[in-house]
Amino acid sequence: MKNDINLRAADNIRILAMAMVEKAKSGHPGGAMGGADFIHILFSEFLKFDPADPQWINRDRFFLDPGHMSPMLYSILTLTGNFSTEELKSFRQWGSPTPGHPELDIMRGIENTSGPLGQGHTMAVGAAIAERFLAARFGDLFTHKTYAFISDGGVQEEISQGAGRIAGYLGLNNLIMFYDSNDIRLSTETRAVTIENTAMKYTAWGWKVISIDGNNHDQIRKALKEANAEKEKPTIIIGKTIMGKGLLDKDGNSFERKTSTHGMPVGEAGGSFEKSLENLGGNINDPFVIFDDVKELYSNVLKTKRETAAQWKEKKKHGLPITVNSIKNCTISMQVTCHL
Numbered sequence: 001m002k003n004d005i006n007l008r009a010a011d012n013i014r015i016l017a018m019a020m021v022e023k024a025k026s027g028h029p030g031g032a033m034g035g036a037d038f039i040h041i042l043f044s045e046f047l048k049f050d051p052a053d054p055q056w057i058n059r060d061r062f063f064l065d066p067g068h069m070s071p072m073l074y075s076i077l078t079l080t081g082n083f084s085t086e087e088l089k090s091f092r093q094w095g096s097p098t099p100g101h102p103e104l105d106i107m108r109g110i111e112n113t114s115g116p117l118g119q120g121h122t123m124a125v126g127a128a129i130a131e132r133f134l135a136a137r138f139g140d141l142f143t144h145k146t147y148a149f150i151s152d153g154g155v156q157e158e159i160s161q162g163a164g165r166i167a168g169y170l171g172l173n174n175l176i177m178f179y180d181s182n183d184i185r186l187s188t189e190t191r192a193v194t195i196e197n198t199a200m201k202y203t204a205w206g207w208k209v210i211s212i213d214g215n216n217h218d219q220i221r222k223a224l225k226e227a228n229a230e231k232e233k234p235t236i237i238i239g240k241t242i243m244g245k246g247l248l249d250k251d252g253n254s255f256e257r258k259t260s261t262h263g264m265p266v267g268e269a270g271g272s273f274e275k276s277l278e279n280l281g282g283n284i285n286d287p288f289v290i291f292d293d294v295k296e297l298y299s300n301v302l303k304t305k306r307e308t309a310a311q312w313k314e315k316k317k318h319g320l321p322i323t324v325n326s327i328k329n330c331t332i333s334m335q336v337t338c339h340l
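This note's numbering applies: residue 1 is where the sequence shown begins, and numbers increase by one.
Read the hints as simulated data drawn from the structure, not as lab findings.
The C-beta atom is built at its ideal place from N, Cα and C for all residues, glycine as well.
Please note: incorrect hints may appear among the correct ones.
What the hints assert, rightly or not - Here are the simulated DSSO-like pairs of lysine-lysine, each with C-alpha atoms no more than 27 Å apart in a straight line:
1) Lys48 <-> Lys250
2) Lys145 <-> Lys316
3) Lys231 <-> Lys316
What the hints assert, rightly or not - Quick list of simulated restraints, FRET-style, between CB atoms:
4) Ala192 <-> Gly252: 38 to 46 Å
5) Glu314 <-> Glu278: 26 to 34 Å
6) Asp286 <-> Ala229: 37 to 45 Å
7) Lys315 <-> Gly162: 31 to 39 Å
8) Gly95 <-> Leu7: 31 to 39 Å
9) Ile195 <-> Phe138: 44 to 52 Å
10) Glu296 <-> Ala52: 34 to 42 Å
11) Ile57 <-> Ala229: 21 to 29 Å
12) Gly95 <-> Ile57: 41 to 49 Å
13) Pro116 <-> Ser299: 18 to 26 Å
14) Asn253 <-> Ala310: 46 to 54 Å
15) Glu268 <-> Ala52: 39 to 47 Å
16) Ile5 <-> Ala310: 20 to 28 Å
17) Arg137 <-> Gln93: 25 to 33 Å
Could you build the full structure based on these sequences and the hints that come with them?
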């Protein structure tokens, strides 16, 4: 796939996320726009799932920790066919299938309810432990990855500290977490409230740490490939991203990296929704449009994923030989007993 179509797909996600919040007059557009590059590359090129069978047992799992970044998740799930653009237009409205914070709905591609920061991190660790048990007991056929997406606030939560330590101790090499490090919080820059070194913290817990430009597609791909190849440790990819990537003010000047865009519509935050929409290639008359070339891209992506899932199901049907693995520091029996 050419870089230009991938950048266009990421911009389409940015437009949808921005438009949802603008229409609802409520929400968090900035982080969702900054995370669009990673979420597009992950879902289109790495995440294993079956579009025809959302409950497929051996799908990769994706856990969103910062629930306020739901516009990013709903946007990518619209590209994969799980939501319609009409449903995006009802974002944060009463009875809407697109609430402000996502709620568990496997059939829609949502693996976890997310609200309190740190919960997604912890759920992902639990899911990764469960996968290691399945693979150890039933063989390599059940091997899959667990991905998580966390923000600046989430890595500071105490529940994340405990989960991170356990994951490192158990050597959960099937766990890959992207840390969206945009240096912005709801009301301040991150440096106003913490000076901790996240890379050193996770290294001390036994994680593999990869630092990248979180908006650079080539670096994202390289990091994900490296993380998928890791055999001993969980991986955290620290991606430096741009809050509100692509935003402009009414004069056409950059309105990126603004604290105000963390938690309010672009127009209310001081930026220009119209100028930003134009800058990203959107349609001012209908910002909820999915570009034709992006539709074609995802049509091909989904076709490939259906084929991959079908191949796995065929192998399971014919009962391939099972290779039993082990979980570091754990005894495998009818239950997993971890010696902590």
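Against the structure, the hints come out as follows:
Pair hint Lys48 plus Lys250 does not hold up; C-alpha atoms about 41 Å apart against a cutoff of 27 Å. Between Lys145 and Lys316 the CA atoms are separated by roughly 18 Å; this keeps the pair inside 27 Å, and the hint holds. Note on Lys231 and Lys316: the hinted pairing holds, with a Cα-Cα distance of about 24 Å set against a maximum of 27 Å. Hint check: Ala192 to Gly252, Cβ distance near 29 Å, so the stated range 38 to 46 Å is violated.
The hinted window of 26 to 34 Å between Glu314 and Glu278 is violated, with their beta carbons roughly 48 Å apart. Look at Asp286 against Ala229: about 42 Å separates their beta carbons, and that is inside 37 to 45 Å. Lys315 and Gly162 have their C-beta atoms about 37 Å apart, which keeps the hinted 31 to 39 Å range intact. For Gly95 paired with Leu7, a C-beta distance near 35 Å keeps the hint of 31 to 39 Å intact.
Checked against the hint of 44 to 52 Å, the pair Ile195 and Phe138 passes, with Cβ atoms roughly 45 Å apart. Between Glu296 and Ala52 the C-beta distance comes to about 19 Å, which lies outside the given range of 34 to 42 Å. Taking 21 to 29 Å as the suggested C-beta distance range, the pair Ile57 and Ala229 conforms, at roughly 24 Å. Between Gly95 and Ile57, the C-beta spacing of about 31 Å breaks the proposed range 41 to 49 Å.
Range check, Pro116 to Ser299: Cβ separation about 37 Å, and the 18 to 26 Å hint is violated. Look at Asn253 against Ala310: about 50 Å separates their beta carbons, and that is inside 46 to 54 Å. Checking the proposed 39 to 47 Å range against Glu268 and Ala52 shows it holds: the Cβ atoms sit about 41 Å from each other. In this structure, Ile5 and Ala310 meet the distance hint of 20 to 28 Å, their C-beta atoms being roughly 26 Å apart.
Separation of Arg137 from Gln93 is about 44 Å and departs from the stated range, judged on CB atoms against 25 to 33 Å.
The structure fails to meet hints 1, 4, 5, 10, 12, 13, 17 from the earlier list, while all remaining hints are met.
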